[in-house]
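Participant: Protein sequence lines, in the order shown, are assigned to chains A and B. FYI, the numbering for the first sequence is 1 to 790, going by this note's numbering. FYI, the numbering for the second sequence is 1001 to 1323, going by this note's numbering.
Any given hint could turn out to be false.
To be verified - Here are the computed lysine-lysine pairs in the BS3-like style, where the Cα-Cα straight-line distance is at most 30 Å:
1) A/K251 with B/K1210
2) A/K129 with B/K1289
3) A/K208 with B/K1225
4) A/K208 with A/K236
5) B/K1225 with A/K251
6) A/K118 with B/K1216
Just so you know, the hints here were simulated from the structure itself, not pulled from any lab data. All figures in this text were calculated on a predicted structure; none of them were measured in a lab.
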Amino acid sequence: MISDGVVEDEEKWLSAGIAGLQQNAFHMHRALDSNNLKDALKYSAQMLSELRTSRLSPHKYYELYMRAFDELRKLEIFFKEETSRGCSIVELYELVQHAGNILPRLYLLCTVGSVYIKSKEAPAKDVLKDLVEMCRGIQHPLRGLFLRSYLSQVSRDKLPDIGSEYEGDADTVMDAVEFVLQNFTEMNKLWVRMQHQGPAREKDKRGKERGELRDLVGKNLHVLSQIEGVDLEMYKETVLPRVLEQVVNCKDELAQYYLMDCIIQVFPDEYHLQTLETLLSACPQLQSSVDVETVLSRLMERLSNYAASGSEVLPEFFQVEAFAKLNNSIGKVIEAQENMPIAGVVTLYASLLTFTLQVHPDRLDYIDQILGACVKKLSGREKLNDSKATKQIVALLSAPLEKYKDIDTALNLSNYPRIMECLNDGTHKEMANVIVQNILKNKTCISTAEKVDALFELIKGLIRDLDGDTHDELDADFIEEQNSVARLIQILHSDDPEEMLKVIETVRKHILTGGRKRLPYTVPPLIFSSLKLVRRLEKQEESVSGDEASTTPKKIFQLVTQTIEALTSIPVPELALGLYLQCAEAANDCDLEPVAYEFFTQAYILYEEEITDSKTQVTSIHLIIGTLQRMHVFGVENRDALTHKATGYSAKLLKKPDQCRAVYACSHLFWLDDHDSIRDEERVLLCLKRALRIANAVQQMANATRGSSGSALLFIEILNKYLYFYEKGVSQITVESIQDLIKLIRNEMQGDASPSDPAADAFLASTLRYIQFQKDKGGAVGDKYMLITD
Amino acid sequence: MNILVASLFLVSSSDDANAFFYSQNYIIGAFKPACSITISLADGKSRKQVALKENGKTVLIPIFHNQETISGKISIEPISGKKVEHNGIKVELLGQIETYFDRGNFYDFTFLVRELDIPGEIYERKTFPFEFPTVEMPYETYNGANVRLRYVLKVSISRNYGGSIVEYQDFVVRNCSPPPSINNSIKMEVGIEDCLHIEFEYNKSKYHLKDVIVGKIYFLLVRIKIKNMDLEIRRRESTGSGTNTHVETETLAKFELMDGAPVRGESIPVRLFLSPYELAPTYLNINNKFSVKYYLNLVLVDEEDRRYFKQQEITMYRLSETS
Chain A
1 MISDGVVEDE
11 EKWLSAGIAG
21 LQQNAFHMHR
31 ALDSNNLKDA
41 LKYSAQMLSE
51 LRTSRLSPHK
61 YYELYMRAFD
71 ELRKLEIFFK
81 EETSRGCSIV
91 ELYELVQHAG
101 NILPRLYLLC
111 TVGSVYIKSK
121 EAPAKDVLKD
131 LVEMCRGIQH
141 PLRGLFLRSY
151 LSQVSRDKLP
161 DIGSEYEGDA
171 DTVMDAVEFV
181 LQNFTEMNKL
191 WVRMQHQGPA
201 REKDKRGKER
211 GELRDLVGKN
221 LHVLSQIEGV
231 DLEMYKETVL
241 PRVLEQVVNC
251 KDELAQYYLM
261 DCIIQVFPDE
271 YHLQTLETLL
281 SACPQLQSSV
291 DVETVLSRLM
301 ERLSNYAASG
311 SEVLPEFFQV
321 EAFAKLNNSI
331 GKVIEAQENM
341 PIAGVVTLYA
351 SLLTFTLQVH
361 PDRLDYIDQI
371 LGACVKKLSG
381 REKLNDSKAT
391 KQIVALLSAP
401 LEKYKDIDTA
411 LNLSNYPRIM
421 ECLNDGTHKE
431 MANVIVQNIL
441 KNKTCISTAE
451 KVDALFELIK
461 GLIRDLDGDT
471 HDELDADFIE
481 EQNSVARLIQ
491 ILHSDDPEEM
501 LKVIETVRKH
511 ILTGGRKRLP
521 YTVPPLIFSS
531 LKLVRRLEKQ
541 EESVSGDEAS
551 TTPKKIFQLV
561 TQTIEALTSI
571 PVPELALGLY
581 LQCAEAANDC
591 DLEPVAYEFF
601 TQAYILYEEE
611 ITDSKTQVTS
621 IHLIIGTLQR
631 MHVFGVENRD
641 ALTHKATGYS
651 AKLLKKPDQC
661 RAVYACSHLF
671 WLDDHDSIRD
681 EERVLLCLKR
691 ALRIANAVQQ
701 MANATRGSSG
711 SALLFIEILN
721 KYLYFYEKGV
731 SQITVESIQD
741 LIKLIRNEMQ
751 GDASPSDPAA
761 DAFLASTLRY
771 IQFQKDKGGA
781 VGDKYMLITD
Chain B
1001 MNILVASLFL
1011 VSSSDDANAF
1021 FYSQNYIIGA
1031 FKPACSITIS
1041 LADGKSRKQV
1051 ALKENGKTVL
1061 IPIFHNQETI
1071 SGKISIEPIS
1081 GKKVEHNGIK
1091 VELLGQIETY
1101 FDRGNFYDFT
1111 FLVRELDIPG
1121 EIYERKTFPF
1131 EFPTVEMPYE
1141 TYNGANVRLR
1151 YVLKVSISRN
1161 YGGSIVEYQD
1171 FVVRNCSPPP
1181 SINNSIKMEV
1191 GIEDCLHIEF
1201 EYNKSKYHLK
1211 DVIVGKIYFL
1221 LVRIKIKNMD
1231 LEIRRRESTG
1241 SGTNTHVETE
1251 TLAKFELMDG
1261 APVRGESIPV
1271 RLFLSPYELA
1281 PTYLNINNKF
1291 SVKYYLNLVL
1301 VDEEDRRYFK
1311 QQEITMYRLS
1321 ETS
């Protein structure tokens, strides 16, 4: 309520001020129109007296000031006309100083001073010097700031700069600089003083108000940067030291932070680079509460961008030893500011790192040095939990990855893992994820076991549960992460099989620590990776036979077996089964019959003992059949044993249609096109007949339970198998049997009780079309088909 | 309030402007005079004049310097058809000091007389030349709070009846002086212990009337919250002597030097143009009747409206306008 009242009062005061200002401005306008200098001075002074108020906040005062500013522009034009009418500017300059009140007097003086400089009756530097000196009379911070801001505003296009029409003698730029510097210094003093005047309870409010005024002060630095004549030399010798002196000496947190930032933003990059030492040496001298880290970060950010702007600027950086200076300075700042938050420290190092990567991409030692310094700061503390700090750490660690696009480089940095050690689990995981994503994005090839070991140590947050992270649910993020790890495992590759084996062993070592949650994601890629190696060895052995390599497929298969066994502790039998079958196939390719047999055995055991769900059984049995069909390594006995089991499993499936399909699939186990040894026509037919029987049974069951026959789909499927084997030349499959089957299907489908089944209709139609097509094709196959008549 | 007042500083109670009332003891003639008297000065048209306010009217009055010759003509023209009988006509040049505390008594420090005509009668317009060669007029015309110094030409036609016919012509005397050979600056450090220490400097101690006071105020120690700082020009007029001395102080100029509270080390510039103010030279012991002195009064006002000030005398002089 109280503050409301204050605001309301302020509104009232402001409107009263504006009213007074407008009234006097009105009289002033009339005086201007009638060329009455005396009245013009009188009313303008009265108008400006409204600015003497102490009741307004900076914001409101600004509003009032802007109105006065507009009026002063008109007055300035009038003064100019007045001088062309014969009134001497010197006289005018004196005349306005007769005003009794200082604030209106000085506003008028600045206004006339502007005309004075334009008239060129006196050197600009003399007028400016007089103005900036006279303005000392206003010691009230707010009013002084606005007055000096007015001075700055009216003088900025009248500085005796080089190339300006107001250019003076040899030291002309110096005069211009001196003027701006002095105005800047005084404004800053006033601005700082504001903090210390008035009641202590309004300290925060004052801080806020000062924030609103900062641009008035900073504008001077902007003006300085715009002076043409300020070259590097002058910047180095005069401008920067003087500005910094003021910044350091004012001992004000707000001012130091803002002004340092201002310096960094307004002056050109190459100036910063050449004066790095001076600029940096100011940093440790700032108040301890100043956010130096942000200041320095901004500086380094600017320099990094500058370095990135083109390679032609890089020699400048080397020449001034930018890195050494920055590094040194950061060390000093951190030392000087004992209570700097860890986030700040990390921010500093992150910025320095970005800078170094930009400027010295070849100097890994620099980068390691930065990381080392960071480790020193981080170690011996509790693990980081501050979100800001961790964010910065992630940025710090990500920077080299992004730059080099190559984890190799990061792995060479000895301090990299040490920083990872300092992270809390969440961050560690996040960082590990960043690393993995980086590798995947850049398709980095990591080819030695040593590196792989280091890498997995680095990303252990993803590989295994860290302390206290034992929740069981699998959320989307987790799955995403593990998929990434799986992709990472796939990407590991070495051309040297021996090394590759080592890599695989290393990965295995790491992933086996991952626990039941992770293994289903990490084991398959490893297995596939291993099998890939097996196949590569196989190819090599063909070309380089007799090589006494220690890496043999056998050895790999042992490893693989052990790895898959790790899965048994987790109920993912269908996955393990799939993997065993994959291995069996690989062993088949290597002509390792016992190994392949063993894998099949394992798969069968799993099928029998672990896979109980009927749906899974169906998919598993099809997998088994598919794999077994392709196996050529087995001797008759082994094959018989396995096929026998497989057909047995097929017939024991729960649902009849499933049975039927598995059984007709089994028929393929006895007929291999490219293996003469495996062509058992009888058993093929047996399987198909058995399938037909089951299909019949299905229809009967349907009739019995539902009163209508089921779909003819199964029959059509079997028909297709018949046609397949017929085509392949299985003599047991006769034309008659096919024709009978077609007839049977037609009957089934035309029967009253049969439901209409568009899928079956279409299937049959296309099957018949196929027959017709083969007939039309002619040749040996065509002839064969010609025998089939509907 | 417990303010330590050092010898150099005082805390004043009030600062009322010394309003003064000024009444002139003229009796406007109730009767129509029998004749009109015109006094015209020899170089009346070319002579410099000054505008003075008298009875609400602004009149232009000629200016003379010390040891100038004052000459001219006096014409007397009776109202048509009438004659003026007189016991003699004379013109007097009077330098008078009038102090108000002395019940409006005039004191003539200069008295010169010229007989213009022996007793007789005037029938028509008659013109008499007159001349006062190299008149000693050491004092300047002054119009103060309690004292007035005037120069006047008085023409009187003395008559036996109906009283004398008198006509006055005021004129102003202004005496220029050369720039002083020694003109030191005024520099002083003043303060209240542990509270406020300042050092001020004015570039000169003697200023001419159109001069500029240039100086600076340097703050050595500031422990009070100052609101603003003014420079005042005060005129101190003392009349009479001994126990009868009357002192009247008047603030002629109030010029704000500083707005807001300075901190230690601040230096505030002073630049005060004297021309806008109606100042006169310093008069020291004019004919043992009065003195007029000028002071620069530096006033600092704190946030509780307490005033701290330091007064310094300055000498004013009139610089020859040609130089």
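Participant: The structure should be examined with respect to each hint, and the outcome stated for every one.
Facilitator: Comparing the hints with the structure gives:
Our distance criterion of 30 Å between C-alpha atoms is broken by A/K251 and B/K1210, whose separation comes to about 45 Å. Straight-line distance between C-alpha atoms of A/K129 and B/K1289 comes to about 48 Å, which puts the hinted pair past the 30 Å bound. Between A/K208 and B/K1225 the CA atoms are separated by roughly 23 Å; this keeps the pair inside 30 Å, and the hint holds. Among the hinted pairs, A/K208 with A/K236 is inconsistent with the structure: their alpha-carbon atoms are about 33 Å apart, more than 30 Å.
Between B/K1225 and A/K251 the CA atoms are separated by roughly 22 Å; this keeps the pair inside 30 Å, and the hint holds. Of the supplied pair hints, the one linking A/K118 and B/K1216 holds, its CA atoms being roughly 29 Å apart against a limit of 30 Å.
Violated hints for the displayed structure, listed by number in ascending order: 1, 2 and 4.
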